[in-house]
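One letter stands for each residue in the lines below.
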Amino acid sequence: MSSLSFDIAHLLAGGLVLVSFLELYQDRLLALINIFATHAVVLALSVAWQADIQHAPHLYITALIALLFKAIAIPVALRRIVVKLSIHREIETVVGVGFTMLFGIGLVALSMVVMLRVTPGADPLAREDLAFSLSVVLLGLLMMVTRRNAVSQVIGFMSLENGLVLAATGAKGMPLVVEISIAFSVLIAFIVIGIFLFRIRERFDTVDMQALDRFRGERR
Amino acid sequence: MTVIYALYGIAALLLLAPVVALLGGLPRISDILYGSVLVVAAALCAFGLNGLLLPAQSSTVVLPLGLPWLGAHFHVDALSSFFIVVVNLGGVTASLFALGYGRHESEPRRVLPFYPAYLAGMNLVLLANDAFSFLVSWEFMSLTSWALVIAHHREPGTLRAGYVYLLMAGFGTLALLLAFGLLAGPAGHYDFDSMHNAHLTVGLAALVLVLALIGTGSKAGLVPLHVWLPLAHPAAPSHVSGLMSGVMTKVAIYGFIRIVFDLLGTPDWWWSLPILGLGGITATLGVLYALMQNDLKRVLAYSTIENIGIIFAALGLALAFKAEDMPTAAALAFTAGLFHVFNHSLFKSLLFFGAGAVLTTTNTRDIEQLGGLIHRMPQTALAFLIGCAAISALPPFNGFVSEWLVFQAILQSPQVASWGLKLIVPAVGALLALSAALAATCFVRAFGISFLGRARTAAASNAEEVDVSSLAAMYVLAALCLMAGTIPGLFIDTLAPISHALVGSMMPHQTGLEWLTIVPIAESRSSYNGLLVFVFVTLSGSIGAFAIHRLASDRLRRGPAWDCGYPDASPATQYTASGFAQPIRRVFGASIFQARETSVMPGPGSIAPATLAVSLRDPIWDSIFTPVASFVSFIADRLNILQFLTIRRYLSLVMAALVLLLLMLAIWP
Numbered sequence: 608m609s610s611l612s613f614d615i616a617h618l619l620a621g622g623l624v625l626v627s628f629l630e631l632y633q634d635r636l637l638a639l640i641n642i643f644a645t646h647a648v649v650l651a652l653s654v655a656w657q658a659d660i661q662h663a664p665h666l667y668i669t670a671l672i673a674l675l676f677k678a679i680a681i682p683v684a685l686r687r688i689v690v691k692l693s694i695h696r697e698i699e700t701v702v703g704v705g706f707t708m709l710f711g712i713g714l715v716a717l718s719m720v721v722m723l724r725v726t727p728g729a730d731p732l733a734r735e736d737l738a739f740s741l742s743v744v745l746l747g748l749l750m751m752v753t754r755r756n757a758v759s760q761v762i763g764f765m766s767l768e769n770g771l772v773l774a775a776t777g778a779k780g781m782p783l784v785v786e787i788s789i790a791f792s793v794l795i796a797f798i799v800i801g802i803f804l805f806r807i808r809e810r811f812d813t814v815d816m817q818a819l820d821r822f823r824g825e826r827r
Numbered sequence: 012m013t014v015i016y017a018l019y020g021i022a023a024l025l026l027l028a029p030v031v032a033l034l035g036g037l038p039r040i041s042d043i044l045y046g047s048v049l050v051v052a053a054a055l056c057a058f059g060l061n062g063l064l065l066p067a068q069s070s071t072v073v074l075p076l077g078l079p080w081l082g083a084h085f086h087v088d089a090l091s092s093f094f095i096v097v098v099n100l101g102g103v104t105a106s107l108f109a110l111g112y113g114r115h116e117s118e119p120r121r122v123l124p125f126y127p128a129y130l131a132g133m134n135l136v137l138l139a140n141d142a143f144s145f146l147v148s149w150e151f152m153s154l155t156s157w158a159l160v161i162a163h164h165r166e167p168g169t170l171r172a173g174y175v176y177l178l179m180a181g182f183g184t185l186a187l188l189l190a191f192g193l194l195a196g197p198a199g200h201y202d203f204d205s206m207h208n209a210h211l212t213v214g215l216a217a218l219v220l221v222l223a224l225i226g227t228g229s230k231a232g233l234v235p236l237h238v239w240l241p242l243a244h245p246a247a248p249s250h251v252s253g254l255m256s257g258v259m260t261k262v263a264i265y266g267f268i269r270i271v272f273d274l275l276g277t278p279d280w281w282w283s284l285p286i287l288g289l290g291g292i293t294a295t296l297g298v299l300y301a302l303m304q305n306d307l308k309r310v311l312a313y314s315t316i317e318n319i320g321i322i323f324a325a326l327g328l329a330l331a332f333k334a335e336d337m338p339t340a341a342a343l344a345f346t347a348g349l350f351h352v353f354n355h356s357l358f359k360s361l362l363f364f365g366a367g368a369v370l371t372t373t374n375t376r377d378i379e380q381l382g383g384l385i386h387r388m389p390q391t392a393l394a395f396l397i398g399c400a401a402i403s404a405l406p407p408f409n410g411f412v413s414e415w416l417v418f419q420a421i422l423q424s425p426q427v428a429s430w431g432l433k434l435i436v437p438a439v440g441a442l443l444a445l446s447a448a449l450a451a452t453c454f455v456r457a458f459g460i461s462f463l464g465r466a467r468t469a470a471a472s473n474a475e476e477v478d479v480s481s482l483a484a485m486y487v488l489a490a491l492c493l494m495a496g497t498i499p500g501l502f503i504d505t506l507a508p509i510s511h512a513l514v515g516s517m518m519p520h521q522t523g524l525e526w527l528t529i530v531p532i533a534e535s536r537s538s539y540n541g542l543l544v545f546v547f548v549t550l551s552g553s554i555g556a557f558a559i560h561r562l563a564s565d566r567l568r569r570g571p572a573w574d575c576g577y578p579d580a581s582p583a584t585q586y587t588a589s590g591f592a593q594p595i596r597r598v599f600g601a602s603i604f605q606a607r608e609t610s611v612m613p614g615p616g617s618i619a620p621a622t623l624a625v626s627l628r629d630p631i632w633d634s635i636f637t638p639v640a641s642f643v644s645f646i647a648d649r650l651n652i653l654q655f656l657t658i659r660r661y662l663s664l665v666m667a668a669l670v671l672l673l674l675m676l677a678i679w680p
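Protein chains in written order, with this note's numbering: chain A, 608 to 827; chain B, 12 to 680.
By construction, these hints were calculated from the structure, which means they are not laboratory data.
Fair warning: there could be bad hints in the mix.
To be verified - Residues of chain B clear of chain A, computed beta-carbon distances all greater than 10 Å:
| # | residue |
| --- | --- |
| 1 | Gly35 |
| 2 | Leu218 |
| 3 | Thr587 |
| 4 | Phe642 |
Stated by the list, open to error - Just some of the chain A residues that point at chain B, by a computed CB distance under 7 Å:
| # | residue |
| --- | --- |
| 5 | Leu717 |
| 6 | Val720 |
| 7 | Val721 |
| 8 | Leu748 |
| 9 | Met751 |
| 10 | Val752 |
Glycine is no exception: its CB is placed at the ideal position from the N, C-alpha and C atoms.
This is chain A alone, in the form it adopts within the complex (with noise of 0.2 Å):
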């Protein structure tokens, strides 16, 4: 493998960290939906860049799936029912965005140490991408751990999902099935809590999840 195809599947796998970053950061809603469709964007190029160079055809499936679901389709249906509920306003977190974001440098750099250790013989590639996606992975959890708002939380279960498929691609051989079922259960997942963003919304007049918590008689 040459250095260069190696350096560029790190830099794309890398910008999906900070992608994910940007998201962490970003509390307007409709912002946030657009750092969401950057995200699905770079991990399309990162995994079609995969599926070039481990001449694997149908890592560009994967890519497709990506593109179209994530980076535009959910996207769409987001920004609309945002629009429907009117809910542009500035959306609050939980702890300071500082905090938030040393935590989350924090997180890489665990993931970081865990991978690089426990992965010493692997493919170089293969190590880099693993780590890089549970860095994602733990940023999206980071995310619906910190944010109230449920378009924030289905937004951070998306960009963990999306680490789920960099690490699938980047390690050789996995199934097509999977990853298309993966991808498909991400659209069930999407339907459904676009269902109950509409319910919640209905009883509740609010998709903050403090109501839900004050409604089950929560004391705080």
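Put chain B on the given structure of chain A with help from the hints.
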């Protein structure tokens, strides 16, 4: 004959289950079902006999079921053939019994579909040749028998019995799962053929032994894992109780033999210590429990525990002798254990069927409510008496032969090299001797109180003889008990290939000896001739009876029975079951069961009745299960708060756990 034929039989049983579930409403469906199960079980039994008598033909089949990279391996060899015979003989007689007994079933649709499935599950366990199929069949067997246990769920106590059974079954399977995991090793070879070649380190082998003892012991009823057995076995319909007690515990023994004798490789002498110790304790405690009970089926269930103890003690001896390089003694102990497996399946099924017959006609299992049944149900009484004599190890019946062989094996212990065994084996022998004597007491009590004397209640005095097929089932078993007792040499020789395969040696050939004598080691040491004993007992008994009737009076007189000198007093003045057990309760129960008797004597002039109340405590429940249960419920109470978190907190918990694990991975050297 290849294993595929047995699988056809099992498939037929499995097909019967949904068919019966769909057609459950038809009239006479129970006759049709039990009839077809009888035929299939007879065919499977013939298959097992064929495999046992022509042992060279072991065969393997791999079906594309189960785990994709493993498949479902099925295999039949001499050991599984023997247990197939035991299981399906039980299946045949239970189906025959149920042809009559099943008509009294109040809710047949809760019993019928599970019955063939249960039988199929037990057969599958015996054929499985990889850990996955074994565990799946094992769980299938547990679940179907659980469904049968809770069939009469409206009776008090049944649901609790089912709950305890389900817990213990799950726990046992968990232990087996871990044992197989260790045997499979890091490479994960889950088929038994690869496990043979796994050479475990000493510590791992000991761990597998303990796990196998827990896993199979909890199903077989080894103390202290026996607590579910006396609850669950009596709760099921009687033919199923017979199967559970007589047969399913044997499937557990099969699992133990398969893991410890077959898969685990060459034994060390200390492996036998826990098995011997637990076997001896189980035998003694089981029969002591049985003596304290007044529920007929529960007496039988506790007596099953006793017999399981004897079998485990014999297997422990076999393991010890095998490790000490004493092949003849090992073969003797192993054959004795297997022979007792067969014998116990015969007489325990017989006794449960007898109890079922009594239960159908009197609607009670409490022996204090019975009495005098020998006049109302003479046929059942005779069969039950034969069962009692066999289980009490009286010659010329089969129980004597196998227990005698066990004691012959124990007498070999002075030749053992290691001092640990030299000391513990005679102690176990003493425990077994004690339990044999107590078992006789127990069955004198069970038979005497329920069948002899005068009827204590209206239900007992109006009892009627059961139907022909139930009687036929009991008499088939009684005849087999007598047969195995009088020509044991034939049975011992049939078991020889198994002992050759698993302990590497066999007992001397028995069938060629004169007068059907059996000689376990050498004629100068010991020999037994069941046929002569039988002929002697029959002749002397007949001559005695003839002489009495001829010389004394040929007129049949019926006098008051057990009237204790008060001819017209109420039946309540007879010896009671509790009264009969009182000496034993005072000697052993006071320390083991903390038996306390509180008697209240009314003062002079008072017309209140004197009362005697006995309180017993179960030491196993008190010392093990109650603390564990309260600990679990304490933890559950503490963790209950986790049921009511918000989504974000759940996510945070997941993330915290993930980060923590990753941190451990990063920091771990």
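Now the hints, each set against the structure:
no.: 1; hint: Gly35; verdict: holds (39 Å)
no.: 2; hint: Leu218; verdict: holds (27 Å)
no.: 3; hint: Thr587; verdict: holds (59 Å)
no.: 4; hint: Phe642; verdict: holds (30 Å)
no.: 5; hint: Leu717; verdict: holds (6 Å)
no.: 6; hint: Val720; verdict: holds (5 Å)
no.: 7; hint: Val721; verdict: holds (5 Å)
no.: 8; hint: Leu748; verdict: holds (5 Å)
no.: 9; hint: Met751; verdict: holds (5 Å)
no.: 10; hint: Val752; verdict: holds (5 Å)
Every hint from the earlier list agrees with this structure, and none is contradicted.
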